[in-house]
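Asks: Listed in order, the protein sequences are those of chains A and B. According to the numbering used here, the first sequence is numbered sequentially starting from 1. According to the numbering used here, the second sequence is numbered sequentially starting from 185.
No wet-lab data here; the hints were simulated from the structure. Hints should not be assumed to be uniformly reliable.
[As the list claims (entries may be wrong)] Now the stretches of chain B that chain A is said to cover, found in silico as 3 or more residues with beta-carbon under 8 Å:
hint, segment
1, 216-225
2, 364-371
3, 380-389
[To be verified] Computed Cβ-Cβ distance ranges for the label pairs, DEER-style:
hint, chain 1, residue 1, chain 2, residue 2, range
4, A, D48, B, L277, 39 to 47 Å
5, A, D48, B, L297, 56 to 64 Å
6, A, L71, B, D329, 56 to 64 Å
7, A, L71, B, L277, 48 to 56 Å
8, B, S423, A, G169, 35 to 43 Å
9, A, R171, B, L285, 28 to 36 Å
10, A, T144, B, V265, 25 to 33 Å
11, A, V33, B, S198, 24 to 32 Å
12, A, A49, B, D328, 17 to 25 Å
13, B, L457, A, G169, 27 to 35 Å
14, A, D48, B, A208, 18 to 26 Å
15, B, M299, A, I31, 45 to 53 Å
16, B, V265, A, V33, 37 to 45 Å
[As the list claims (entries may be wrong)] Quick look at which bits of chain A chain B covers, simulated, 3 or more residues with Cβ under 8 Å:
hint, segment
17, 6-19
18, 139-151
19, 166-172
Yeah, the Cβ is synthetic: ideal placement off N, Cα and C, and Gly gets one too.
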Amino acid sequence: MLCLIPFWVSETVRTLGWMILLRESGVLPGILVWLGVTPAPVEMLYHDATILVGLVYTSMLFMVIPLISALESLDDSLIEAAYDLGGNGWSILRHIIIPHAAPGMVAGCIVVFMLTLGNYLTPTLLGGKNSLWFTEQIYTQFITRFNWEQGAAFGFLLLALSTGIVWLGLRLSGQKFGEVMQRS
Amino acid sequence: MIPSLPRPAWLRASTVVYGVLFFAFLFLPLAVVAVFAFNDAPYPAPPWNGFTLDWFLGGADGPRRGLFADTALLGSLWTSVVVACWVTLLSVLAGTANAFLIERTQFRGKQALSMLMLAPLVIPGVILGISILALASRVANLADDLWGLELEFLRPGLPLVVLGQFAYIASIATLTISARLKRFDITLEEAAYNLGASRFAVLTTITLPYLQPALIGAAAISFLMSFENFNTTLMLVGSDAPLTVMMYGRMREGATPVLNAVSLFLMVASAILALTLLKRASAPQER
Chain A
1 MLCLIPFWVS
11 ETVRTLGWMI
21 LLRESGVLPG
31 ILVWLGVTPA
41 PVEMLYHDAT
51 ILVGLVYTSM
61 LFMVIPLISA
71 LESLDDSLIE
81 AAYDLGGNGW
91 SILRHIIIPH
101 AAPGMVAGCI
111 VVFMLTLGNY
121 LTPTLLGGKN
131 SLWFTEQIYT
141 QFITRFNWEQ
151 GAAFGFLLLA
161 LSTGIVWLGL
171 RLSGQKFGEV
181 MQRS
Chain B
185 MIPSLPRPAW
195 LRASTVVYGV
205 LFFAFLFLPL
215 AVVAVFAFND
225 APYPAPPWNG
235 FTLDWFLGGA
245 DGPRRGLFAD
255 TALLGSLWTS
265 VVVACWVTLL
275 SVLAGTANAF
285 LIERTQFRGK
295 QALSMLMLAP
305 LVIPGVILGI
315 SILALASRVA
325 NLADDLWGLE
335 LEFLRPGLPL
345 VVLGQFAYIA
355 SIATLTISAR
365 LKRFDITLEE
375 AAYNLGASRF
385 AVLTTITLPY
395 LQPALIGAAA
405 ISFLMSFENF
415 NTTLMLVGSD
425 APLTVMMYGR
435 MREGATPVLN
445 AVSLFLMVAS
455 AILALTLLKR
465 ASAPQER
């Protein structure tokens, strides 16, 4: 349970941590130079991969919690029985554990997907000016340019797209929205 | 891990390696933030110049304005606390009412309604923000045009921030409370009625004490969620910014270790809150 404490800390703080770690004068480039991997400090901030790391870090909690609760409800004796019946590690993972955890996985995926899509803070700070994150566009239209019509159109597009993708995911995995949300 | 099963050595080793890497990934950013709050340098970056408390205690007129002298930052902290208190209060009240509505009553369209209640949890926060902003401005303009009323609270500002955060935090509170209410043994209430208790007495002496852990949990989660919320808040914020928005602004301009100092403060506060909750949690926490 202790490993969940980082997730209680504000997203702003966590992003600040990554910024200090990765910026050109930051900790990780310094370590790389010290190790002799790179001759001069590399800018590790403001790449797409940086956004990815930051987003994974921010939204991991919403995957971990449904998965923990899904795996906790799996009876150990089922796995033991499967071994008794001659299953090996892979086949047990594939036929018992994954099907059992599937609703939890789907729930985690949906929540993480939506949160990531709607995230503003992490992409703007870690991605710098070159990242064209969609929520950033919406914000620009609404607040900076006062172009509410276009902003609303963008917002609606985002909502429609994300709802569509989630619906598709639910259909493909054969889960129901209500049940999935109860689990998360 | 199931003790009765044999586990090959490479599997155990790789589990340990994975665990170490994962924890490094998890705690490294936070550790770095905490450490550089004490660095004796104008930027939160290496090299390490020695230990200092300037970023906490530095005076307002010196070159280094510490956290406790930075009135803007402290003001935004206070704004955040006020907003979070309002959101918590409203969310727990509405969440309790919703939980009773969903668990105790039967009416047409209940399924649809409870489904609809979950929607704010998956709608991106930015969209929630702009839709509330757009609606509030429309209503305010309408009132202005029709009756010449200037409804100040519908313009971007703290009341709208509270409203926006409430819109989805209430759903979380409802989920937490109704999960507990679902396990409540209704015969306890019936017994109390049989013994001649009034509705009010039953509610205050039996149902609410039973719900208390969930109420506290919901309040803590609401407070934390509101305090940390950024996406929705950013769209609705007016002149006085809550802490997250303020920190965001400063991070864009170039961070000073004062931000690390605030962050350390936030980390400690949320860790304490989390630990007290975990200790209290005789009943498991549901999100």
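Asks: Are the hints correct? Go through all of them and say.
Replies: Okay, the hints, checked on the actual structure:
1. 216-225: Three-residue rule met by the segment 216-225 of chain B, so holds; n is 3.
2. 364-371: violated (count 0)
3. 380-389: violated (count 0)
4. A:D48 with B:L277: 39 to 47 Å: Because 43 Å falls inside the window, the suggested range holds.
5. A:D48 with B:L297: 56 to 64 Å: violated, 41 Å
6. A:L71 with B:D329: 56 to 64 Å: holds, 57 Å
7. A:L71 with B:L277: 48 to 56 Å: Violated: the Cβ-Cβ distance is about 35 Å, outside 48 to 56 Å.
8. B:S423 with A:G169: 35 to 43 Å: With Cβ atoms ~41 Å apart, the hint holds.
9. A:R171 with B:L285: 28 to 36 Å: holds, 30 Å
10. A:T144 with B:V265: 25 to 33 Å: holds, 29 Å
11. A:V33 with B:S198: 24 to 32 Å: holds, 30 Å
12. A:A49 with B:D328: 17 to 25 Å: Once the Cβ atoms are compared, 49 Å apart, the range 17 to 25 Å for D328 (chain B) and A49 (chain A) is violated.
13. B:L457 with A:G169: 27 to 35 Å: Roughly 34 Å apart at Cβ, these two residues keep to the hinted range, so it holds.
14. A:D48 with B:A208: 18 to 26 Å: Check passed, 23 Å falls within 18 to 26 Å.
15. B:M299 with A:I31: 45 to 53 Å: holds, 49 Å
16. B:V265 with A:V33: 37 to 45 Å: Hint holds: Cβ distance 42 Å, inside 37 to 45 Å.
17. 6-19: Answer holds; 13 residues pass the 8 Å Cβ test.
18. 139-151: Since 5 is at least three, the answer is holds.
19. 166-172: With 1 residues in contact (Cβ-Cβ under 8 Å with chain B), the coverage given for the segment 166-172 of chain A is violated.
Hint violations for this structure: numbers 2, 3, 5, 7, 12 and 19, all remaining hints satisfied.
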